[in-house]
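Novice: With the hints as constraints, model all of the structure from the sequences given.
In this text, residue positions in the sequence shown follow UniProt numbering: the first is 1, and each later residue adds one.
It is possible that part of the hints are untrue.
[Stated by the list, open to error] DSS-like cross-link-like pairs, simulated, lysine-lysine; straight-line CA separation at most 30 Å: (1) K69 to K267; (2) K69 to K135; (3) K326 to K345; (4) K370 to K381; (5) K266 to K254; (6) K69 to K48; (7) K244 to K254; (8) K252 to K266; (9) K326 to K66; (10) K132 to K237; (11) K381 to K530; (12) K48 to K243; (13) K230 to K243; (14) K69 to K132; (15) K345 to K370; (16) K135 to K225; (17) K530 to K370; (18) K66 to K48; (19) K530 to K375; (20) K225 to K237; (21) K530 to K426; (22) K322 to K345; (23) K375 to K426; (24) K198 to K135; (25) K426 to K370; (26) K69 to K266; (27) K397 to K370; (28) K530 to K397; (29) K375 to K345; (30) K244 to K225; (31) K48 to K252; (32) K198 to K225; (33) K198 to K230.
[Said to hold, decoys possible] Distance ranges between label pairs, derived from CB positions: (34) E297 to K267: 41 to 47 Å; (35) I89 to T258: 21 to 27 Å; (36) K345 to F404: 47 to 53 Å; (37) S306 to F404: 26 to 32 Å.
Read the hints as simulated data drawn from the structure, not as lab findings. Beta carbons are placed, not taken as given, at the ideal position from N, Cα and C, and that holds for glycine.
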Amino acid sequence: MAVRPLSASARVWSSSVSETGKSSQGQDQKHENYQNHQQSSLAGIVIKSALFATVVYGATMFIATKNDKVMDFVIDQQIPYYEETIDLIENGSYDDLVSAIKAKISSIRLPSKDEITELSHKIEHTSEDLLKETKRKLESARAEFGSHSTAGSGTSASLPANQLQKHPEIEHVKKEVEHLPAIKLNENVVSYVDASVKATIDSFNDLINSIDVSKVTPTDEGLIKTINEKVSELASKVGALSKKFDDELQSKLKVSQTELLSSYTKKELELTENLLHQFNRERAQLESKLNERLKQEIAATKETISQAAVNAVSMVRIEQTKNFEKLVADKINEERNGKLANLEKLNSRLESLEQFAESLESQVVATQQKSVIQKSLSSLKAVLFVSNPEEKPQSIKPYVDDLFESSPDDEVIQLALGELGPLLSKESTQSILTTSQLLTRWEQLVPELRSASLLPPNAGLLGHLASIVFSKFLVSVKGDKPDGKDIESVIGRVEASLVRDELDVAVEEVANLKGWTRKLANDWVIEGRKRLEAEYLVELIDAETRIL
Numbered sequence: 001m002a003v004r005p006l007s008a009s010a011r012v013w014s015s016s017v018s019e020t021g022k023s024s025q026g027q028d029q030k031h032e033n034y035q036n037h038q039q040s041s042l043a044g045i046v047i048k049s050a051l052f053a054t055v056v057y058g059a060t061m062f063i064a065t066k067n068d069k070v071m072d073f074v075i076d077q078q079i080p081y082y083e084e085t086i087d088l089i090e091n092g093s094y095d096d097l098v099s100a101i102k103a104k105i106s107s108i109r110l111p112s113k114d115e116i117t118e119l120s121h122k123i124e125h126t127s128e129d130l131l132k133e134t135k136r137k138l139e140s141a142r143a144e145f146g147s148h149s150t151a152g153s154g155t156s157a158s159l160p161a162n163q164l165q166k167h168p169e170i171e172h173v174k175k176e177v178e179h180l181p182a183i184k185l186n187e188n189v190v191s192y193v194d195a196s197v198k199a200t201i202d203s204f205n206d207l208i209n210s211i212d213v214s215k216v217t218p219t220d221e222g223l224i225k226t227i228n229e230k231v232s233e234l235a236s237k238v239g240a241l242s243k244k245f246d247d248e249l250q251s252k253l254k255v256s257q258t259e260l261l262s263s264y265t266k267k268e269l270e271l272t273e274n275l276l277h278q279f280n281r282e283r284a285q286l287e288s289k290l291n292e293r294l295k296q297e298i299a300a301t302k303e304t305i306s307q308a309a310v311n312a313v314s315m316v317r318i319e320q321t322k323n324f325e326k327l328v329a330d331k332i333n334e335e336r337n338g339k340l341a342n343l344e345k346l347n348s349r350l351e352s353l354e355q356f357a358e359s360l361e362s363q364v365v366a367t368q369q370k371s372v373i374q375k376s377l378s379s380l381k382a383v384l385f386v387s388n389p390e391e392k393p394q395s396i397k398p399y400v401d402d403l404f405e406s407s408p409d410d411e412v413i414q415l416a417l418g419e420l421g422p423l424l425s426k427e428s429t430q431s432i433l434t435t436s437q438l439l440t441r442w443e444q445l446v447p448e449l450r451s452a453s454l455l456p457p458n459a460g461l462l463g464h465l466a467s468i469v470f471s472k473f474l475v476s477v478k479g480d481k482p483d484g485k486d487i488e489s490v491i492g493r494v495e496a497s498l499v500r501d502e503l504d505v506a507v508e509e510v511a512n513l514k515g516w517t518r519k520l521a522n523d524w525v526i527e528g529r530k531r532l533e534a535e536y537l538v539e540l541i542d543a544e545t546r547i548l
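Specialist: Below is the structure:
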């Protein structure tokens, strides 16, 4: 009789044992990675949440200092420490902020990182101990189960010859696995249990689900029950610690809230007092400014009212004057149409008489002005044309100025005086030569002219002496020879013109001379022309005054 190499139950048990070992190892690794990930992710979330809350809180407080709506929202919601934060933003510094934060943090007692880490490690070590104990008991149960199965099979199955002659039989067994009950926490403790503890419990539940209930002995069930009780007890302790921590935190928060409320009340009283003091000061300033402005407005109103009253009185006076003038005009018109019917004729005669009086007055004024001009002109003529050598020389300029002041606004007279003034400004009563004086000077100049007429071109000393000698033998010509070109004929015509008082003809004759004779007679020509210009201008003024 051949022996079956392996029974179906043995194969199932061996496969379950191997699977259980592999799954337990995988669960241990997975549990360890999960715990590390949970710890790192929890710390990162806490840090990021704290930073985000700090940034949002600071930005809200800063915007509240710039926007009234945000400030109203902050006051209505009573955000913690908003007064200190706003006061620090507006009036404080970085050192004040750091000291305030340190003071608030020191007033709250929180568990340290070491304590939290120690608690987490304690939970992890406890879980690991429980897991190792479970593995050990499972391995011992598997060993006992293997020894019982090998003893019942007999010695014939262990013979190699029989096993080689016997073909192995394969049995198909349908695997139905039942699981042990999972670990559950008390409902009163669930809200206080930490996430790491929950993750450990989930790992235990995964391990329990991997165990086949049909292969578990009563000892294993007791062990699982013990594990369940220990985990529940551990979760209860963690929940109690969390609740205690929350209670301590709430008590610290209440104390901080009380202190904050007292400081807020104190700060509110100080701010109220400052606001009242500032309000009274601003009210006093506004009252003084308002009083000054009222005084100015009252003074301006008084001035405006007085000016308006003066204007109204002036308008009334003007209106009354117009009414009175209109009344007088109406009355005059009535009288004119009645008793004074011939007033128009009388008015026309008065107008003609007025015109006659104006023309007469203008004639009288012109006559008087003409007489004054003629008087000044006669004085100037007497000084210019009638000179007494025995009298002391006098300047002619005052006479010209007197004539200029008394002359009317006549263009011809003004032009004549404009030429006469520069001509006689530096002359005296003895500097303007008369016709007789010019004749005397001409007679003195004649011998020189005769000798100069005999000089040859480029004459030297001998030529001058010869001209002087031969000029003594020249015969003087008397009378007027119009066609004579020699020097004697010119001398005769000049003397005849001076005797007849024709100074303009004599000056023209002398001005036409050539050579040395013209140069010798140049001074005489200048004096003669000065006399002629003065006579011409005086005669022009005299003629103009006669036709005024």
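Novice: Work down the list of hints and note, for each, if the structure agrees.
Specialist: The hints, checked one at a time:
1. K69 to K267: Given that 30 Å is the threshold and the Cα spacing comes to 22 Å, the pair holds.
2. K69 to K135: 66 Å, violated
3. K326 to K345: Roughly 24 Å between the alpha carbons, so the hint for K326 and K345 holds.
4. K370 to K381: 16 Å, holds
5. K266 to K254: Holds, because 18 Å separates the two Cα atoms, which is no more than 30 Å.
6. K69 to K48: 29 Å, holds
7. K244 to K254: With a Cα-Cα distance of about 15 Å, the restraint between K244 and K254 holds, given a limit of 30 Å.
8. K252 to K266: Roughly 21 Å separates the two Cα atoms, so the pair holds.
9. K326 to K66: The hint is violated at about 76 Å.
10. K132 to K237: 22 Å, holds
11. K381 to K530: 14 Å, holds
12. K48 to K243: Judged against 30 Å, a Cα distance of about 25 Å means the pair holds.
13. K230 to K243: Holds. K230 to K243 sits at ~19 Å (cutoff 30 Å).
14. K69 to K132: 63 Å, violated
15. K345 to K370: 37 Å, violated
16. K135 to K225: Within the cut-off at roughly 15 Å; holds.
17. K530 to K370: 27 Å, holds
18. K66 to K48: Satisfied, since the Cα-Cα distance of roughly 27 Å is no more than 30 Å.
19. K530 to K375: Distance ~23 Å between K530 and K375 Cα, so the pair holds.
20. K225 to K237: 18 Å, holds
21. K530 to K426: Holds. K530 to K426 sits at ~12 Å (cutoff 30 Å).
22. K322 to K345: 28 Å, holds
23. K375 to K426: The given pair, whose Cα atoms are some 22 Å apart, holds under the 30 Å limit.
24. K198 to K135: 21 Å, holds
25. K426 to K370: 27 Å, holds
26. K69 to K266: 25 Å, holds
27. K397 to K370: This hinted pair holds, its Cα atoms lying about 21 Å apart.
28. K530 to K397: At roughly 15 Å apart (the allowed maximum being 30 Å), K397 and K530 satisfy the hint.
29. K375 to K345: 44 Å, violated
30. K244 to K225: 28 Å, holds
31. K48 to K252: Given that 30 Å is the threshold and the Cα spacing comes to 24 Å, the pair holds.
32. K198 to K225: 18 Å, holds
33. K198 to K230: With a Cα-Cα distance of about 14 Å, the restraint between K198 and K230 holds, given a limit of 30 Å.
34. E297 to K267: 41 to 47 Å: 43 Å, holds
35. I89 to T258: 21 to 27 Å: 25 Å, holds
36. K345 to F404: 47 to 53 Å: With Cβ atoms ~49 Å apart, the hint holds.
37. S306 to F404: 26 to 32 Å: 58 Å, violated
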